[in-house]
Amino acid sequence: MDDLLVARSLFGTTMAFHIIFATIGVGLPFMILTAELLYQKTKNQDYVIMAKRWTKAFAVLLGVGIPTGTIAGTQLSLLWPGFMEVVGRVMPLPFQIEIYAFFVEALFMSIYVYAAERIAPWMRIVSLILVAIGALASAVLITNVHAFQGTPAGFRYENGKFVDINPWAAFFNPSFFVTAGHVALSAYVVGAFVVCSVAAFKMMKHQFGSRIYLFHQKALMMSLVLGGIFAFLTAINGHASAQYLHEYQPEKLAAAEGLFETQSHAPLAIGGFTDRETQEIKGAIEIPWALSFLAGNSFDTVVVGLNDFPEELWPPLFVHTLFNAMVGIGSLLILIPILVFAWRKVIKKKHYPKIMLWTLVTTGPLAVLAIEFGWIFACTGRQPWVIYRILSTAEAATTATNLSTLFILFIAVYIILALAVVYVLLYFFRKNTVLDDIERSEKKNVPLFSSNS
Amino acid sequence: MVDALIAITVLWGFVFIYAVMATMDFGAGFWSMIYINREKTKATNIANRYLSPTWEVTNTFIVALVVAVYSLFPNAAYTLGTILIIPGSIILLLLALRSAFLVFSNIAIEYKKPLTYISGIAGILIPGLLISVLPITHGEFVDYGNGVANLNLYRLFTSPNVYAFIGFAISSTLFLSSLLLADYSKASNEMEAYRVYLRDGKILGPISLLMALLIMLTLPNDAEWLYNRMMDDLSLLLISVGFFLIIGIGLYAPSPFQKGVKGMPRLAVIAVIFQYLIASYVYGKAHLPYIIYPNVTIQSGFTDPNSFRAVFITYIVGFAILFPGFIYFWSLFMKDKRYLRQNG
Chain A
1 MDDLLVARSL FGTTMAFHII FATIGVGLPF MILTAELLYQ KTKNQDYVIM
51 AKRWTKAFAV LLGVGIPTGT IAGTQLSLLW PGFMEVVGRV MPLPFQIEIY
101 AFFVEALFMS IYVYAAERIA PWMRIVSLIL VAIGALASAV LITNVHAFQG
151 TPAGFRYENG KFVDINPWAA FFNPSFFVTA GHVALSAYVV GAFVVCSVAA
201 FKMMKHQFGS RIYLFHQKAL MMSLVLGGIF AFLTAINGHA SAQYLHEYQP
251 EKLAAAEGLF ETQSHAPLAI GGFTDRETQE IKGAIEIPWA LSFLAGNSFD
301 TVVVGLNDFP EELWPPLFVH TLFNAMVGIG SLLILIPILV FAWRKVIKKK
351 HYPKIMLWTL VTTGPLAVLA IEFGWIFACT GRQPWVIYRI LSTAEAATTA
401 TNLSTLFILF IAVYIILALA VVYVLLYFFR KNTVLDDIER SEKKNVPLFS
451 SNS
Chain B
1 MVDALIAITV LWGFVFIYAV MATMDFGAGF WSMIYINREK TKATNIANRY
51 LSPTWEVTNT FIVALVVAVY SLFPNAAYTL GTILIIPGSI ILLLLALRSA
101 FLVFSNIAIE YKKPLTYISG IAGILIPGLL ISVLPITHGE FVDYGNGVAN
151 LNLYRLFTSP NVYAFIGFAI SSTLFLSSLL LADYSKASNE MEAYRVYLRD
201 GKILGPISLL MALLIMLTLP NDAEWLYNRM MDDLSLLLIS VGFFLIIGIG
251 LYAPSPFQKG VKGMPRLAVI AVIFQYLIAS YVYGKAHLPY IIYPNVTIQS
301 GFTDPNSFRA VFITYIVGFA ILFPGFIYFW SLFMKDKRYL RQNG
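Each protein sequence line maps, in turn, to chains A and B. Residue 2 in the numbering used here sits at position 2 of the first sequence, with consecutive numbering throughout. Residue 33 in the numbering used here sits at position 33 of the second sequence, with consecutive numbering throughout.
There's no promise every hint is true.
What the hints assert, rightly or not - Partial selection, computed: residues in chain B whose CB lies under 8 Å from chain A:
hint	residue
1	P74
2	L84
3	L95
4	F323
5	F326
As the list claims (entries may be wrong) - Below, simulated EDC-like cross-link-like pairs (lysine to aspartate or glutamate); rule was C-alpha separation at most 20 Å, straight line:
hint	chain 1	residue 1	chain 2	residue 2
6	B	K285	B	D232
7	A	K56	B	E110
8	A	K431	B	D232
9	B	K40	B	D232
10	A	K56	A	E117
11	B	K285	B	D3
12	A	K202	A	E395
13	A	K161	A	E395
14	A	K282	A	D300
15	B	K335	A	E117
16	B	K337	A	E261
17	A	K43	A	E117
Simulated from the structure, these hints should not be mistaken for laboratory data. Where a beta carbon is used, it is the ideal one built from N, C-alpha and C, also for glycine.
All chains should be built: construct the whole structure from the sequences, respecting the hints.
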């Protein structure tokens with residue numbers, strides 16, 4: 001492997017690993033908050049138990065999410081010094097403000113967990129809201145840097161120099177809101193469906209109608225309602241994101257859709273693999289005219305194809321498959337909650353067949369896969385640029401060589417952390433079952449949260 | 001020029017805050033490991049009671065520090081990023097293991113011991129590696145070829161000065177954390193743990209001083225320019241050493257507030273922070289204007305003035321908003337008797 005490829009692989013591995021924890025870390029606090037609020041409304045202890053158990057899982061996941069985030073933030077400077085030099089000069093604000101969001105999250109997470117019994121109930125809710133806001137803000141702000149990479153703004157680039165720098169114009173670059181919105185909404189999708197997976201799995205393991213079964217059914221319902229709503233909102237936002245690509249990064253849209261010839265009434269290819277030689281997509285279903293309509297709300301819209309760009313500036317063509325996989329999973333995650341809802345409310349069935357529960361178990365991993373695909377698509381679809389049409393990835397990379405050893409070391413540590421985190425979660429929740437928590441909550445004067453410290 | 005000076009002061013402020021918080025953090029993790037088999041003294045419990053709520057906040061400061069470097073001195077960040085790839089990556093790997101296993105050790109109770117050992121050992125290595133960044137910025141381990149900076153690891157790890165820095169970092173980590181934990185255990189009314197940490201402080205104070213002297217003794221060999229400039233402020237350095245007297249009073253003198261209790265650990269903690277602040281001021285001042293000697297200065301590394309102004313405003317607004325949060329946090333975990341004097 002050449003040095004650039006090793007640097008990209010190393011950073012890509014860090015990100016692929018980190019975003020699992022980061023995304024759940026944004027989505028789960030929202031679920032915890034919803035459970036706490038539902039408790040305030042219904043006074044049903046089950047919601048407190050959910051909040052408590054999810055908080056525990058969240059704390060364990062933070063144990064990996066925080067250090068891998070620290071790695072990602074520092075590796076940016078270590079592996080892409082050329083990129084961070086430009087970002088430091090032009091686009092420092094999101095990183096800077098993100099620090100404050102981290103502080104809010106760290107301070108109030110500790111307060112929520114370790115001071116739960118000593119603060120007023122309303123303060124506990126406020127702390128949780130601040131944790132959720134802090135987590136959301138970090139995701140929005142770091143995505144802003146990604147948005148800037150695709151639609152750079154706030155400077156003029158003349159003779160290799162950055163002049164007339166306006167950091168706030170860079171901050172509010174054209175695709176900020178739509179891109180950050182996509183990441184935030186999809187994080188809530190992931191948070192909800194991860195809960196859904198666990199709940200469905202537990203419902204299979206316990207007898208229909210038992211105390212534990214009903215507990216998990218509450219969690220399942222909550223996650224399906226929230227997950228379905230957010231999946232729908234993500235799709236609407238995704239449509240807007242694609243229209244932004246049409247306007248600002250046409251070659252990325254062309255690669256995503258596998259479109260080679262510039263045309264109006266362009267067809268939409270669903271699925272399949274793009275073939276560079278024959279310039280067609282193998283195994284795709286084509287819907288005539290649909291792409292033009294999606295890109296510009298009219299069939300006359302001219303969509304630019306890849307052949308309008310020199311081939312060395314094409315993104316890798318496999319992004320079409322990734323893009324479609326992401327959209328496919330997203331659509332499934334809208335459909336599944338609707339089907340379950342129809343099953344319960346329209347056909348009025350109470351029992352879930354095994355196949356339905358198994359399908360629900362897959363939703364969490366699928367949601368995580370979708371964000372992985374989406375992220376790989378978003379970043380490789382921008383290649384060969386690290387900042388679109390300003391700075392190439394090759395120019396930004398470190399001049400250090402022999403990164404392979406480091407690459408192996410980081411992979412080894414990620415494997416250790418991945419195994420350990422799964423093991424610790426399984427260990428803890430086997431030792432502290434839902435039944436234990438229910439019994440604890442039914443005894444008076446036994447604080448439910450004390451087992452957190 | 002004034003802007004660059006303000007910026008480097010902010011940055012150095014972050015370095016100092018993180019240095020103090022990190023020594024307490026990594027040190028507490030180490031002590032928690034050392035005393036894990038002596039359950040009666042509660043020394044491990046005290047360390048964990050401090051660590052559990054604070055490690056995330058401390059970790060945020062290192063991210064703040066990294067971000068401050070690249071947003072205030074992007075040009076310097078370029079060279080730093082290039083030369084620090086190996087030591088920086090090792091620090092990150094250790095930090096990942098340390099933080100994760102620290103959290104895991106509090107969850108998987110049955111495996112507490114092995115998990116605490118991993119996080120304790122990884123944690124105590126980190127300050128030693130972190131401080132090696134300072135001698136690296138002195139310049140003599142950096143080679144320039146084809147306009148590309150490169151760190152010479154062989155020269156770095158054969159320099160006595162570097163080892164003096166590493167020794168100083170590790171002994172200071174243990175010294176400061178034992179003083180803090182002595183204070184913390186006294187506030188928690190755990191007198192046995194208090195005596196343990198007070199004793200550790202008494203042993204580690206002189207060792208840290210010795211390490212600081214070793215740094216000064218070996219410095220002229222590697223970076224004479226820096227040594228000479230530091231000696232220009234000899235009087236301040238002596239005052240810093242003089243703070244040992246106050247720390248000594250804090251460790252040995254009987255408390256005027258509590259009968260039969262020896263030592264005023266809070267006094268020692270405050271004195272040691274001032275001591276390190278003065279020493280770090282002298283070091284930092286002598287280091288200026290170089291970020292990496294001799295090629296990168298605060299002027300050549302400085303960011304765009306517009307960006308600096310914007311970042312500076314967010315510092316003021318950000319920390320003004322955060323300040324009440326820090327105070328609230330402090331009052332819940334450092335002062336609240338219900339937290340400090342809990343059982344277990």
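Violating hint indices (sorted, rising): Going through the list in order, the structure violates hints 4, 8, 9, 12, 14 and 16 and respects the others.
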